[in-house]
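Kindly produce the complete structure, drawing on both the sequences and the hints.
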Amino acid sequence: MSIQYILIIISLLASFNLWAKELKLCGVEWPPFTYGENNRLVKGISIDVYKEAFPRMEMKFTADQLPWARCLKDVEDGYYDAVIDNANLPPYIVADTPTSVYPLGIYVRNDFPQDKFSWDSITGKSVAMVTAYDYTKKIAAFTGWKRVDFASDEKVLQALQLKRYNYALIDVFSAPILSKKVGIEIKLLKPVVDSTNLYLAFSPKNSHLVKQFDEAIKVMIKEGIMDIIYRKYISMSYSEVLKLSQEAQ
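Numbering (my numbering), first residue to last: 1 to 249.
For the record, the hints were derived by calculation from the structure and aren't laboratory data.
Treat each hint with caution, since some may be false.
Claimed, not checked - Result set (DSBU-like, lysine-lysine): computed pairs, CA atoms no more than 35 Å apart in a straight line:
{"hint": "1", "residue 1": "Lys243", "residue 2": "Lys137"}
{"hint": "2", "residue 1": "Lys211", "residue 2": "Lys146"}
{"hint": "3", "residue 1": "Lys211", "residue 2": "Lys24"}
{"hint": "4", "residue 1": "Lys43", "residue 2": "Lys190"}
{"hint": "5", "residue 1": "Lys211", "residue 2": "Lys51"}
{"hint": "6", "residue 1": "Lys137", "residue 2": "Lys155"}
{"hint": "7", "residue 1": "Lys232", "residue 2": "Lys51"}
{"hint": "8", "residue 1": "Lys155", "residue 2": "Lys205"}
{"hint": "9", "residue 1": "Lys243", "residue 2": "Lys163"}
{"hint": "10", "residue 1": "Lys181", "residue 2": "Lys24"}
{"hint": "11", "residue 1": "Lys205", "residue 2": "Lys163"}
{"hint": "12", "residue 1": "Lys211", "residue 2": "Lys125"}
{"hint": "13", "residue 1": "Lys205", "residue 2": "Lys243"}
{"hint": "14", "residue 1": "Lys218", "residue 2": "Lys43"}
{"hint": "15", "residue 1": "Lys187", "residue 2": "Lys163"}
{"hint": "16", "residue 1": "Lys181", "residue 2": "Lys243"}
{"hint": "17", "residue 1": "Lys187", "residue 2": "Lys232"}
{"hint": "18", "residue 1": "Lys155", "residue 2": "Lys73"}
Below, the structure written as structure tokens:
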């Protein structure tokens with residue numbers, strides 16, 4: 001490779017870094033989609049997706065780790081450009097294509113004598129879940145169980161470990177990670193209870209970016225890059241995760 005060619009490449013990269021618009025994103029730590037370090041979200045499925053998508057749009061980004069409520073408000077107020085992994089809710093603007101999903105399932109201890117989930121099987125039972133979470137409409141509307149609230153998913157699993165309760169409602173991605181941390185063997189009652197698609201949710205002022213971002217994601221799906229990114233972190237591909245979401249009760 002000639003020196004002249006190398007200088008051209010360096011010049012082009014420098015030009016991109018100088019002129020590319022930098023978006024400010026925010027979100028919470030939610031393994032395996034986002035991992036935090038020094039108040040920044042530095043890796044994970046979603047972060048890797050953005051690292052691939054935004055250069056295709058000739059853009060850069062930073063991702064700050066914030067409390068969820070603050071992130072939502074700051075994006076709505078225009079201090080940040082988009083919320084990482086949010087549902088399709090106003091006033092935010094999302095693309096047609098989801099970048100992740102939020103499948104929720106009922107977990108029990110590994111030796112518990114039940115393997116399948118049905119709404120009838122859970123009626124009248126106490127179910128541990130997290131106070132602050134915005135669960136799906138289907139879950140929020142169900143009044144058949146006795147909801148028991150805890151401060152975090154970790155606290156939910158600790159209660160399950162102590163056999164205070166037999167059922168816990170947790171998302172299927174966090175559950176195996178947190179169960180190892182807590183030291184409890186758990187199993188998912190299938191199928192999952194409910195699921196919702198998640199998106200990079202742009203502030204209204206950035207609505208002009210949504211179509212461009214959606215086109216980048218669709219190309220990445222076609223090229224198989226989304227599947228590769230997912231398999232880097234979990235045992236399922238992007239396509240398989242979407243299928244899991246569709247199998248919800």
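Structure-based check of all given hints:
Note on Lys243 and Lys137: the hinted pairing holds, with a Cα-Cα distance of about 20 Å set against a maximum of 35 Å. A C-alpha spacing of about 43 Å is found between Lys211 and Lys146, which places the hinted pair above 35 Å, so the restraint is violated. Distance restraint check for Lys211 and Lys24: the Cα-Cα separation of roughly 18 Å lies within the 35 Å cut-off, and the hinted pair is therefore satisfied. A C-alpha spacing of about 30 Å is found between Lys43 and Lys190, which places the hinted pair at or below 35 Å, so the restraint holds.
Under the criterion of a C-alpha separation no larger than 35 Å, the hint pairing Lys211 with Lys51 is consistent with the structure, at around 17 Å. Our distance criterion of 35 Å between C-alpha atoms is met by Lys137 and Lys155, whose separation comes to about 23 Å. For the hint linking Lys232 to Lys51, the alpha-carbon distance of about 14 Å falls within 35 Å, and the restraint holds. Straight-line distance between C-alpha atoms of Lys155 and Lys205 comes to about 38 Å, which puts the hinted pair past the 35 Å bound.
For the hint pairing Lys243 with Lys163, the CA-to-CA distance comes to about 32 Å; that is within 35 Å, so the pair holds. Proximity of Lys181 to Lys24 is assessed by CA-CA distance (about 31 Å); at most 35 Å being required, the pair is judged to hold. With a C-alpha separation of about 49 Å, the suggested pair Lys205 and Lys163 falls outside the 35 Å cut-off, and the hint is violated. For the hint pairing Lys211 with Lys125, the CA-to-CA distance comes to about 45 Å; that exceeds 35 Å, so the pair is violated.
At most 35 Å may separate the alpha-carbon atoms for a hinted pair to count; Lys205 and Lys243 meet this at roughly 33 Å. Under the criterion of a C-alpha separation no larger than 35 Å, the hint pairing Lys218 with Lys43 is consistent with the structure, at around 21 Å. Straight-line distance between C-alpha atoms of Lys187 and Lys163 comes to about 15 Å, which keeps the hinted pair within the 35 Å bound. Pair hint Lys181 plus Lys243 holds up; C-alpha atoms about 28 Å apart against a cutoff of 35 Å.
Proximity of Lys187 to Lys232 is assessed by CA-CA distance (about 23 Å); at most 35 Å being required, the pair is judged to hold. Of the supplied pair hints, the one linking Lys155 and Lys73 holds, its CA atoms being roughly 27 Å apart against a limit of 35 Å.
Of the numbered hints listed earlier, those contradicted by the structure are 2, 8, 11 and 12.
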